[in-house]
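Undergrad: Modelling step: build the complete structure from the supplied sequences, incorporating the hints.
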Amino acid sequence: MRQFRFLFCFVFLLVAAPGPLHAQVEAPAAANKRLFDRTVDELNFRTMETVYDKSFTRNKFPVTLRSHQARKQFDGFGANTSLKKLFLNYNDVSERFKSRFGKGRTDLAEFEKQLNKLLIDKNFEFFIRVLPRDERVALIRSLQRAGKQASAQFNASEDPSPEDVAVDEAAVPPADVDAVPTTSAPVEDPAPQPERTETNSLASPTSAGRALDGAVQHDWVDYLTLLLAATSTLLLAYVITTVLPDLRARLDGLAEELEQQQPEASRPRKRPANSLPEDRYGDEDDPE
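Heads up: the sequence shown runs through residues 12 to 299, numbered per our numbering.
These are calculated hints, taken from the structure and not from any lab test. Computed from a predicted structure; not experimentally measured. Glycine included, each C-beta is placed from N, C-alpha and C at the ideal position. Careful: at least some of the hints might be erroneous.
[Claimed, not checked] Restraint-style ranges between C-beta atoms, simulated for each label pair: (1) 237 - 269: 42 to 52 Å; (2) 49 - 143: 23 to 33 Å; (3) 38 - 146: 35 to 45 Å.
[To be verified] With a Cα cut of at most 27 Å, we get these calculated BS3-like pairs of lysine-lysine: (4) 44 - 71; (5) 65 - 96; (6) 159 - 133.
TA: What follows is the structure in structure tokens.
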């Protein structure tokens, strides 16, 4: 019996000891890389789960599909082959997100930066565009909370000091502004859906400046407004130069005609324009 207990304790130590020993031996950089990969898988799973549950109200995305290979083998789309192709394409694209961390800088700032870049990636935005705006906002906030939880588990023992980071950034040569950035094509949507036009009251300054830089294009309304304004100006000039003088001449002629038709006795005598009225004050003061 004692030998059996001794053998059991020995086997238990052999099984349990490698875990803490491996945790102590593993470098912080490797542990952080594994943490980043697990976080990417979690973000991809939550994204696909939300889109799938919105597309299939009676089905739920299995909770076991938390890896790229498991999601690749999933075939719960029924007859909706277009959505299946969209999911498979995004599953392959999102797996490449893991390569964004682990090479070059591996500090906490880079860790958080690459996680945040996943949420503004054009493939991610294209994939979740089938969701209503409120659900897209809720999903992004949920993924941001998951990223903060992962950052709290980051091992920053080997991160450089802020002074060293400042020196390294100062030594970096300026970027080549003439270089053409390489961008990957967005995930193809087999069945594109029309997007709803939404007015964003908090437009970014970059988008506003980009809109002002573009050439102004005029539509038919602008040309019609210009034509009406020019026509109104011409009509006003015609009325002032032609219609009003002719109308005045007609009125003068009509007045003279009416004056000639009146009897001679009742017709008022015209006095010269430069003559003064006759002074009759003396007659009015005469008592007779």
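Undergrad: It remains to establish, for every hint, whether it holds in the given structure.
TA: Comparing the hints with the structure gives:
Take residue 237 and residue 269: their Cβ atoms lie about 47 Å apart, and the range 42 to 52 Å holds. Look at residue 49 against residue 143: about 29 Å separates their beta carbons, and that is inside 23 to 33 Å. Distance hint check for residue 38 and residue 146: the Cβ-Cβ separation is about 40 Å, which falls inside the suggested range of 35 to 45 Å. Taken as a hint, the residue 44 and residue 71 pair is broken in the structure, with Cα atoms around 30 Å apart against an allowance of 27 Å.
With a CA separation close to 17 Å, the supplied pair residue 65 and residue 96 stays within the 27 Å bound. Taken as a hint, the residue 159 and residue 133 pair is honoured in the structure, with Cα atoms around 22 Å apart against an allowance of 27 Å.
Checked against the numbered hints above, the structure breaks only hint 4 and satisfies the rest.
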